[in-house]
Each structure stands twice: as structure tokens, then as C-alpha cells.
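Chain order of the listed sequences is Y and H.
If you want the numbering used here, it's the position in the first sequence, counting the first as 1, plus 158.
If you want the numbering used here, it's the position in the second sequence, counting the first as 1, plus 1.
Hints are supplied without guarantee of correctness; some may be wrong.
[Said to hold, decoys possible] Only some residues are given here: those of chain H computed to face chain Y with a beta carbon under 7 Å: (1) I126; (2) I130; (3) A134; (4) F137; (5) F138; (6) R140; (7) G141; (8) M142; (9) I145; (10) Q151; (11) V193; (12) I274; (13) S307; (14) L309; (15) Y313.
[What the hints assert, rightly or not] Result set (SDA-like, lysine to any residue): computed pairs, CA atoms no more than 25 Å apart in a straight line: (16) Y:K468 / H:I145; (17) Y:K261 / Y:G320; (18) H:K342 / Y:A379.
Note that these hints are calculated values from the structure, not bench results.
Where a beta carbon is used, it is the ideal one built from N, C-alpha and C, also for glycine.
Spelled out, the chains give:
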Amino acid sequence: MKDGSKKFLKNGLGQLTIPLIAVALLVIFNLIRDPSFFSISITHNNVGNAVLSGNLISIINGASELAILAIGMTLVTAATKGQDISVGAAAAIAGSVFVKVLKSGSEISVGMVLLAFLCACLVAMIFGAFNGTLVAVFNIQPMIATLILYTCGRSIAYWINGGATPTVNSPILNAIGSFAPGIPVPTPVIIVIAVTILFKLLFHFTSLEILTQSVGINQSAARLNGINTTFIKLLSFILLGVCVSVAGCIGVSRLGLINHETLLLDVEMDAILAVAIGGNSLGGGKFKISGSIIGAYVIQMLTITLYAMKVSSTDVKAYKAIVIVLLVVIGSPVVKERFRKIFKKGKSGTKGVEAA
Amino acid sequence: MNKNRNKVKEPLNDTQLLMTITICIFAVMYLLAIVLLQGGFLHAQQILDMLNDNASLIIVSCGLTIVMIGGGIDISVGAVTSLVVMSCVLFINKGGNPYLAILLALGIGLAFGAVHGFLISYLDIQPFIVTLAGMFFARGMTTILSVEPQKLDEEVFNGIHTSIKSDLLGYRAKNGNVIPANMELGVVIAAVCVILIFVLLKYCRLGRNFYAIGGNQQSALMLGINVKRTRFATYLISGLLSGISGYVLMMHIGAGNATNAAGMEMNAIASAIIGGTLLTGGVGNVLGTVFGVLTLTTIKKIVVTSGLNQPYWQSITTGGMLCFFILLQSVVLGKRQKKKKAS
């Protein structure tokens with residue numbers, strides 16, 4: 159017991175320290191700025207459901223796609239020591255396929271939506287496998303390999319759509335994109351929980367987690383130990399493809415239309431950021447899915463806070479950058495080391511903040 | 002015996018091999034373009050136009066090449082370029098001297114480079130995240146400065162939009178007039194930058210150190226190289242070049258807009274890669290990067306001139322060509338490594 163607490167004091171919460179500090183700082187900042195910021199109320203939407211609303215709900219709801227993508231991105235980062243920058247483009251393709259299949263039927267039923275999702279999932283997995291093959295078989299750096307799809311992905315979506323932005327309207331899609339009848343929690347949040355549980359189960363019942371980590375830490379050692387490194391890398395990209403299709407379908411259902419130019423625009427940068435804020439090394443190796451998910455919520459909370467402070471949507475980026483830099487500076491090994499020295503000497507903590 | 006064989010056939014190193022491939026492909030593609038789409042591609046103006054339009058991209062890619070040789074990455078270059086254009090335009094329109102604006106451009110670039118370099122090399126933060134934040138900050142600042150596009154005054158723009166004209170390279174129009182070929186001042190600046198960086202990388206101690214820290218940081222450290230300071234220098238140079246590129250872009254288009262240089266960072270990375278620079282560091286050549294830019298532009302020009310003018314075709318074919326290049330590089334490098342292992 160004593161050992162445990164000592165370890166806790168020494169390492170803090172491990173890699174989750176930084177994201178949790180970030181969450182705490184944002185919460186405190188918001189509470190000081192406006193005590194009612196996190197108030198949750200029950201309102202009735204235009205269909206007549208009792209639903210929860212408030213800033214907190216919109217933060218959790220709005221970060222859904224990002225959180226799902228961050229899960230897949232964490233796997234890819236851990237296994238390949240690189241990032242996939244094509245997720246936004248791939249999500250646009252998946253969304254286009256989703257809409258295309260929905261449009262091909264006469265009416266939209268639950269079965270139809272499921273079929274459309276499966277098709278979108280399949281296409282996204284194929285594109286994931288394409289990226290994965292380039293990375294795993296041809297040994298190309300992930301950022302470069304995915305640069306190809308990043309360049310042409312949205313154009314492929316445009317071509318699938320036939321150069322238009324088709325709309326789909328259906329109560330089922332509304333139920334996926336906003337609230338299902340009778341449930342006060344936004345459906346995307348439930349989907350995030352479901353996806354997280356699925357991945358946790360996958361890690362629990364297979365040795366995927368440890369295999370991925372070992373491939374990321376030392377590829378040749380992993381190969382010599384009989385791990386099929388090519389397959390693990392490929393699999394991480396295919397799993398990211400699944401995440402991409404889920405995120406793309408949520409994005410389409412939210413708006414009820416597919417716009418290949420704006421669907422999940424710039425999400426790839428945010429997803430990579432979520433992975434990094436979550437304390438995962440972008441150089442591969444050990445990873446924690448929970449860190450990335452918290453990272454995604456940190457980013458969304460930051461954005462919503464800035465919106466609440468009446469910052470215009472185009473200017474948000476500049477302020478976001480300042481906060482990100484502050485976060486990574488606090489999390490950097492050099493600063494941490496300095497903190498530790500200062501604490502050891504028994505000096506006051508304020509000096510440490512100045513040094514940072 | 003082994004020594005002998007090496008003397009007889011001195012093998013190209015990875016950098017030279019990749020660069021040679023790029024130059025060959027560029028030449029083949031350009032010749033193909035001349036044969037298939039006669040006319041336009043034969044004029045000297047075609048090449049000059051490519052240079053005029055891409056002078057700023059060439060400068061930025063050179064900076065990125067240095068960062069990549071040092072084993073890092075800088076994705077803020079496009080955003081910094083855009084910020085420089087916007088602030089220079091606003092500065093000149095407020096009555097500032099266009100030549101003083103050069104100092105402003107260099108200052109902004111150096112400031113970004115210094116902050117990136119400090120955070121990455123002295124605080125040990127991942128370069129992708131730092132420069133991503135830099136990109137967000139620069140893009141955000143651009144829109145804070147002005148959401149509306151800002152145009153330079155006509156007279157000032159005509160003053161700095163000078164170009165070098167040459168009758169010799171010009172072509173004869175159908176009515177018999179000679180239209181002189183014109184090359185903008187930005188191309189000269191780009192050429193100077195390229196030559197300076199080439200010399201720096203090839204013959205200067207600092208430049209050789211870039212390769213050393215990119216190739217193997219540990220060995221570089223043991224050789225007594227100040228790794229942190231060298232890495233700091235790579236980002237400083239990249240920032241400086243982004244500043245210069247912003248000024249060159251302003252001379253070319255004469256207007257500040259929030260969407261200026263959108264996607265330039267990815268184009269710059271792609272050019273450097275096509276030119277034979279590896280993202281893992283230690284391998285790269287600035288001349289290859291220039292040819293990378295030209296190759297990428299030629300692809301786009303061919304797509305447009307061959308009548309595939311649907312907006313999606315351009316990026317789909319660019320993606321396809323990129324795929325081809327990347328695969329080719331990988332296969333060639335893979336074969337070499339196998340040979341090395343076998344020998």
C-alpha cells in the first residue's frame with residue numbers, strides 16, 4: 159500500500175497527468191468565468207423528446223467524431239510510429255458511400271441504414287488497407303503514404319457524389335445524428351461509448367494491445383520474436399478505417415447531407431493532437447486509448463470555451479495554439495525534470511511555474 | 002578485394018540516387034508533354050511560368066528540406082507564409098515603405114522559427130505538435146489581422162512586381178510580334194536561396210552537422226556536435242525562408258488573403274519527398290527538392306492542358322502520380338538494401 163502511494167507520488171497518474179490537468183484547468187477557468195457554464199437543463203426538442211442540453215452536453219456531443227478517430231489514430235501511431243493524415247478525406251469518402259447507398263433505395267429503413275453503414279465501413283477499410291499496405295509492405299513513412307489519399311480523397315468523394323451535395327432526410331438518421339426518441343443523451347455519445355467498449359473488449363480478449371506496443375517499440379525485435387509485424391501494422395490501419403467510417407456516418411447523420419469539402423475538415427490535425435495531448439508518444443510504442451479520448455474532449459472543451467467567450471470561429475485557431483503550446487510545455491520532459499528538482503529542494507512551487 | 006570493387010564502381014549514395022530518379026522522371030515527363038501536347042510546352046515561357054508561380058513554394062520547400070534532413074518536420078510553413086503576406090500588405094497599405102516590409106517579413110519568419118526551434122530542441126517537444134500549433138497560430142493571426150482579402154495599392158504593386166524580360170527566349174506570335182519571355186524577381190531570389198542552401202549543406206560545417214544529427218543523433222552527440230543548437234538552427238532557417246517566401250508571394254500576387262498558401266505545407270513536403278529527402282532524416286538534397294516542385298507542377302500542368310479540367314481530376318491524378326513516385330522510391334531503396342545485405 160505504502161509502495162503504491164510512493165509510486166503514485168513519483169509518477170503522478172503516469173501519462174494521464176497532462177490531459178487530466180488540462181481538463182481540470184479548463185473546468186476551473188470556466189467556473190470562475192461563468193459559474194453557470196456547466197449547468198445542464200432538460201429541454202424539449204422539436205420532436206417533443208425530453209433531452210439534456212447545456213454546454214457540457216454540447217462539448218461531449220461535439221467531440222464524438224474526434225474521440226472515435228483518436229482511438230484509431232492511437233493504434234496507428236503506436237504501431238507505425240507515424241500518423242495518418244488522410245482520415246478527414248477518408249471520412250468524406252465513407253460518408254459519400256453512406257449517402258449513395260441510402261439514396262439508391264426507395265425508402266430509408268433501419269436495415270437500409272445498416273446496409274449503407276456496412277458498405278461505408280467496407281470502403282473505408284479498403285482505403286485503410288491501401289494506406290496500410292503502403293506503410294507495412296512497402297515501408298513508406300505513414301505521413302507520406304497517407305499524403306496520397308489526403309491529396310485526392312475529397313476529390314474521390316466529390317466524384318462519388320457526382321459533383322453535388324446530396325441531402326438525405328429521415329427520422330432514423332436524425333436519431334443517429336442527434337437524439338433517439340426516449341433517450342435524453344445524444345446518440346453520438348452512446349456510439350462513442352460503444353466503440354470504446356468494443357476496443358476495450360478487443361484488447362481484453364486478444365493480445366492486440368501488447369503486440370501493437372511491441373511492434374512500435376522495436377520492430378525488428380518483435381519480428382524476431384515471431385510477431386507478424388506487417389499484419390499488425392496493416393490491421394491498425396484497417397481498424398482506423400472502421401473508426402473513420404463510424405465518424406463519417408455520424409457526421410453525415412448530424413447534418414443530413416454530405417458535403418465533401420467541409421465534412422470533418424481538418425479533423426486529421428485535431429485527431430493527432432488528441433493523441434499527443436493524451437500523453438501518447440507520436441514516436442510509437444506504449445499507448446493508452448483513454449488518454450487519447452480525454453485529449454479529444456480537451457480539444458472540444460477548449461473550442462467551446464473560446465466560442466462562449468465570443469471568439470469568432472476563424473480566430474479560434476490562434477488561441478487554441480497558445481493553449482496547446484502551454485500544455486505541451488508543461489508536459490515536456492525537460493520542464494518536468496526541472497519541476498521535480500525544484501520540489502526535491504523543497505522550494506515553493508510558484509518558482510517552478512515561473513521557470514516553465 | 003572488396004576495396005578494389007568499391008574503387009572501380011563508386012556507388013551513388015541514397016540521396017544522389019533518389020535525386021537522379023527524380024530528374025530523369027521530370028525530363029521524361031516533360032518530353033512526353035512536348036510530344037503529346039505540342040506547342041505550349043516548347044516555349045521557354047512555360048518553364049518560366051512554372052518558376053514564377055512557384056518561386057515561393059521552392060523557397061519554402063528548401064527550408065523544409067533542411068528541417069527534414071535534421072530529422073524533424075515543420076508543417077507551419079504555409080501558414081507563416083500566408084501571415085507574412087497579410088501583414089506586409091497591411092503594413093504597406095498603412096503607408097509603410099515596401100522595402101521596410103522585407104524586414105517585417107524576415108522578422109515574423111525568424112520569430113516563428115526561433116519559437117519552434119526553442120520548443121523542439123531545448124524543451125524536447127515533438128516537432129509535429131509544435132509546428133501544428135504554429136500553423137494554427139499563424140492561420141488564426143491572419144484572420145485576426147483581416148478576414149477580408151486586402152489588395153495592395155496599384156502603384157506600389159507595379160513598383161515591386163518587376164520582372165526581367167528577354168527577347169531572346171521569347172516567342173513569335175502569329176502576327177509577327179515578338180513577345181518577350183518574362184521572369185519575375187522572385188525567381189531570382191529563389192535561385193539565390195537555393196544556391197546558398199546548396200553551399201551550406203555541401204560545404205559548410207553547419208550543413209554537414211544537419212546530416213549528422215538527422216542520421217543518428219546519438220553518434221552526432223558523441224562526435225561533439227551541439228545537437229540542440231544545430232536542431233535549433235534548422236528550424237530558424239526554415240522560419241526565415243518562410244518569411245522570404247511570404248514576401249516573394251506578395252510580390253507575385255499583391256494581395257493578402259486568409260486562404261493564401263493553403264495546403265502549401267503539404268505541397269512542400271511532397272516536393273521534398275519526391276526530390277529524395279527522407280522524413281526519417283539524414284538523407285536529402287536541395288536540388289532534388291527544386292526538381293520535386295517542378296515535377297509536381299508539371300503533373301498539374303499536363304492534367305490541365307490535356308483537357309481533364311473537371312476540378313476533381315487534378316487532385317486525383319496528382320494523388321496517383323504521388324503514389325507512383327513514392328512506390329518507385331520505396332522499391333528502389335528496398336532493392337538497394339537487399340543488395341547491401343547480400344554483398
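Hints, verified against the model:
no., hint, result
1, I126, "5 Å, holds"
2, I130, "5 Å, holds"
3, A134, "4 Å, holds"
4, F137, "4 Å, holds"
5, F138, "4 Å, holds"
6, R140, "5 Å, holds"
7, G141, "3 Å, holds"
8, M142, "5 Å, holds"
9, I145, "5 Å, holds"
10, Q151, "15 Å, violated"
11, V193, "29 Å, violated"
12, I274, "5 Å, holds"
13, S307, "17 Å, violated"
14, L309, "12 Å, violated"
15, Y313, "4 Å, holds"
16, Y:K468 / H:I145, "13 Å, holds"
17, Y:K261 / Y:G320, "13 Å, holds"
18, H:K342 / Y:A379, "18 Å, holds"
Hints 10, 11, 13, 14, counting from the list given before, are not met by this structure.
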